[in-house]
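Undergrad: Each chain, letter by letter, is given below.
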Amino acid sequence: MTGRVWLAIGGVAVAGTIGAWLLFVTLPEVYDEVDDATVTVPRDAPAEPPRLTSATLFYVAEDGERLIGVEREVVAGDAPIAQARHVLEAQFLSVEPPLLSAMPEGTLLRALYVTDQGDAFVDVSREIASGHAGGSLDELLTVYTIVNAVTVNIPTVRAVQILIEGREADTLAGHVDLRRPLTLRPEWTDPAPADFGAPTAP
Amino acid sequence: MRRARSPLSLVLCTLVVLVGTGRSLSAQRSLTILSDTGRQSLAVARVNDRPMVALSDLAAAFDLSVREDTLADGLTVTHRDRVVVLTATQGLASVGGRVVSLPSPPVRTSRGWHVPVEFISRALGLVIDTPIELRQRSGLVIVGDLRVPEIDVQYTVGRGQAQVVLAMTPQAPYTIEEGPQRLLVKFDADALDVVLPDSGPDSLVAGIRQGDEPAWLAIDLGSQYVSHQSTLLAGVGGTARLLVDLFSDAAPAAVARVNERANTAERPPPPISGDDATPAAEIAPPLPELTVPITVRTVVIDAGHGGDDTGAAGATGVLEKDITLQVAQRLQRAIETRLGLRVVMTRGEDRTIRLDERAAIANNNKADLFISLHANASLSPVPSGAEVSYLSLDEGDIERSGARLSGTNPQTVPVLGGGVRSIDVVSWEMAQVSHVDRSGALAAIVDAELRRHVDVRPGEAQRAPFRVLVGANMPAVLVELGFLSNPAEERRLGAPSYQEALSQALFQSIARYRTLVEQRPSSAPEAEEMPRRRP
Ligand SMILES: [Zn+2]
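Chains A and B, in that order, give the protein sequences.
1 is the number of the first residue of the first sequence in my numbering; add one for each residue after it.
1 is the number of the first residue of the second sequence in my numbering; add one for each residue after it.
Any given hint could turn out to be false.
Distance windows between CB atoms, simulated [as the list claims (entries may be wrong)]:
1) T37/B x G106/A: 51 to 61 Å
2) R512/B x A76/A: 54 to 64 Å
3) R51/A x P458/B: 36 to 46 Å
4) A79/A x P496/B: 51 to 61 Å
5) E73/A x S497/B: 44 to 54 Å
6) D78/A x R351/B: 51 to 61 Å
7) E71/A x L516/B: 41 to 51 Å
8) A315/B x G106/A: 21 to 31 Å
9) P201/B x E165/A: 48 to 58 Å
10) P458/B x E165/A: 32 to 42 Å
11) A79/A x T316/B: 48 to 58 Å
Think of the hints as simulated: they come from the structure by calculation, not from any bench.
Where is the CB? At the ideal position from N, CA and C, for every residue including glycine.
The following block holds chain B by itself, in its conformation from the complex (with noise of 0.2 Å):
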């Protein structure tokens, strides 16, 4: 039986999300170090379609000397007495013994030599001998132990109020002091590492900004703002999530209610103005939140591989990469017409598309869902059937990203005698951590599906480490949709016949799926449930 809902999480069904979305160092022109000193900039030039920066430039900021060695084809980079040593030829650093790994050789252009860079926080640190962490997203580079947590800006505006979500990692202390036509929000931190969304001015919110402090966030107000309420919510491994609600009269007593009882963490200051008065034994149903989907509206479909990566091909020549699109398109049609649903492909025709790309594509759409499809193959003729797949996370990577949250372990994790681990890169990559749960319940229901539609292989929803749906900011899985090795599974799945149950098992997911999450909101806990698997 469907609950009843109120009316309140029926207005927030009709408001609209606009999220931030971090820019990749690709697109970056220059990095910024932050040092007890000050900030500087250094600048990002591409060669060879890839983020370097000149050794010269590092030179100047880090005090470093550097000398080419032409007869061993090759570089020595000295600070005192330590030494790194580049070979023009391979993607290696050799730092007073131990090798780093790099994406690439030094390059020479016509302004000097240039390194990854990746260099920076894998080799630059060990040089002179302080931690050094490279924040890919934000192009920050950060020299020593400074307290710079990550802040996620996402706004959201509806019909009188509107929600400011500062996604803290780590949590970090701060206070919220409301000033002539801005809300200050003030961190307990050396600097802020924050993205910011890229929504226009409206009646509340006039813009967000950083504050005239490197640790400060400023929110503008708007004409028609008149008080705001902020919530804490723990997050696990020490993030949490800051909800500063807006409002164009007194704050409504059920946000300030739930607020409240949602509110486990350390209190924030109260509110300078709002209806807070209401007491608390009067407790109205939970409020969703707003960055939790409550309903399906955008659906990423992900035909895998295509262009000059065919993915697996079967011994008639069906080719992974035209099923996937076959499908994909089939199961468009599908959910547009008769879902009334908005679908986004990550690819509409047979071009090469990157892992990284087709998870930013989604993310950027702002999708609630992401179903990536692929054909199966094996080194034998007999596995058949369709499977489907979600994230599988690594005691490792818990460890990893829960280490990098909790701001004790050094940002560079030198190992012996083979590189150096930046977990920055794990961290920022792991988008589909906080969504595992809700991705394994997609999973379940395409289980079912494949299973009343189309013949499976033997056991259940596999969990496996899929590049595809790491880095995916919403529920993901992956489908397999038979096994091009199998001669009779290649045949049927070249079949419009078969392509078409395949399509409905997927587009019976999808329906099913949102249902779900109509009828039960995901509350912010659940949803920040990290979920723990023990090889």
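Chain A on its own, in the form it takes in the complex (with noise of 0.2 Å):
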């Protein structure tokens, strides 16, 4: 074999570990983001109580015209992306009659980005448009619960785009255009936030 061959794939060689070591230390930054973003609920008691913090989520009132702001406890985050993740891990969760969710079931928060100029990029699992019944007014209050739950308890945030496993969506189920970040609609929330029961811990 010729220097020039052994060049090449020493060559090779070097890049793929620098492709490697790129791929599995520099994209990582937002993997382990996903990870952490995934759990929700701690599953061994941990050994301090997490701090609480209050938070306003938003459900679909039991006329099922508009989303209605109810006060809840939720794990308190330093960094407001923290603090965001922690609103929507405990917005995801189901809820308890007569409260409605408007997310699909099964939908996941994949990944949060925070940037600079107060846009927030939700990435969310397939589920919120595969389990997606349709219909408008539904998929205008599946979106704006995301939109005002950052929105309203992250002041930093101004606008919220929506992505679905990792990629810009162009609606959920064909009406609400996804392609650009929203920003707080008073419209589909009725402003006064109701408290249903007593706050429950995460």
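Got two chains here, separate frames each, mind docking them using the hints?
TA: So, in structure tokens, the structure goes:
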């Protein structure tokens, strides 16, 4: 084998190593977040109970017409992104009647990014679309459950874009444009937060 | 009372409008890379039904080296000390620790690795450390801070006169020179991003084409051409429209006067010929701009969902896609037979059709109205009633389209840890922006007519970020006919009598809207006013 071929093989090997390093060192900054984000409830009793804070979560009112804000205790996060994660994790949990959740069953938070400009990107699993029953009102309520939960609880976030399985999405079920960040809208939300039952720790 | 219309505007009613349509990227075979060193072509391949470019072509054009990493199932793309990592399994690229989302992972074909065209605007700029803008509609890849205004050319021809409208985004300084057999519009820019009309030659204009220099546009004159008159109308967000009227005789005085009044922005050079000398004191009634509809001729009815996409479903199995088609067909018959308007259906049968395609059908047919029909659903069986919506614009939408129009912001905005916002996509797809006021007027009429004929939801016409409306280049509304999740309403939505009542309400709405438009032809400033909505 000539020196040139060895050089080429060596080059590929070096490139491969760099590539692998970049893939496993650079990308995991995001993937770690994904792993973190999917852990919604600590399975073992933690040594210290997590610090809690109050947050407004959004559910569909009994009459199905709009969202209502409900005060709940959620795990407190140090940075806005950590706080947003805890709020969304709590928001994605199933809820007891008479409240209804506009989040299709099985929807998981995959990852979350917050930009300096105050845009949050909420990456959720495909169930948000595949499990959606359709209808523009229902779709608006699903989308604004996420938009409201993040913008109301994280003051530095101005707008929210929903990504599905890590990619930009068109719509959930054919109506609401998801290609741009959406800001808080009062139309589909009852402004008076109501408390249903005693606060429960997640 | 109907206002008397001037004979001139009646003549203009009979004009035929030919408007150029932008080709989507999916139809393009190549992109053109524009940089300060010149232009070169970049082949576009369709891979998995998506426009993609070969990494080897990008490497040659941008001095990149590409290495494959079979172990990690990925690729590294390097330019000097900057590296992009792509994985073959995910639509993500990592650029110096920043993650950028792509519509698909890279794909290996017989011609080597291909990446989605979005890679160019979202990742490549970060690697070569130069802003890169991808202009989807014209297929231009603009490297660096070049001034490349978008020029949408529309052409209208009538008896003895014609009009070329150059819609500029952003407004670019220009001069008009008349040479033998042609008018040259010379823009002060590095290049033009032009969409030309697909009109044939006539006696006034033999053709419209790009000129010999990159920033020139040539209007080849026909045998009957005698004079022209140009007018610049300033729009919102730094946009402008240059109207070039061409005449088979001296320019009619009324046109010259009105143009003078309308011309609030920078004056173009005076016309070389034409009767421009009429005293400005004789003010004629405003001339409706040719590109603003002065009646309703074509209505596009969009039956929501279809094919695999059934939309919402009622408890007894009534499907949204069927209800929307049935009401659409009733409405079509009513409009055609009783109003004599042209009706274009986005679908006349049960088939799948993309949201983009729906707006494109309306745009390509130069529709004057777009009505999208849907049936609603709620988690609760309680909500009922019909409802009309028109597009809401987020503050961010305005900022984003305004930011790009001003030309001062970078074309791609990298965001911390989460990708790159490519601004060109937002703006191009937001054709509805300039029609939102009239869409609101249409929605108010539809709301009133729905109230007269059927049950409606409480509240007025709503504004919502509905995807199908965004790309429609005409007044557009989305009508929810009723709730399939409400058992009583599910029953009546399937009943011919109720469908007829819904169709009646929409028919009356269109008739009333047409009357409104004909009584009060929209003036250009009204049409260009950008609605601002604070959240
Ligand atoms: Zn629908």
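Undergrad: Taking the hints in turn, state whether each one holds.
TA: Against the structure, the hints come out as follows:
no., hint, verdict
1, T37/B x G106/A: 51 to 61 Å, "holds (53 Å)"
2, R512/B x A76/A: 54 to 64 Å, "holds (56 Å)"
3, R51/A x P458/B: 36 to 46 Å, "holds (42 Å)"
4, A79/A x P496/B: 51 to 61 Å, "holds (59 Å)"
5, E73/A x S497/B: 44 to 54 Å, "holds (53 Å)"
6, D78/A x R351/B: 51 to 61 Å, "holds (52 Å)"
7, E71/A x L516/B: 41 to 51 Å, "holds (47 Å)"
8, A315/B x G106/A: 21 to 31 Å, "holds (22 Å)"
9, P201/B x E165/A: 48 to 58 Å, "holds (51 Å)"
10, P458/B x E165/A: 32 to 42 Å, "holds (37 Å)"
11, A79/A x T316/B: 48 to 58 Å, "holds (50 Å)"
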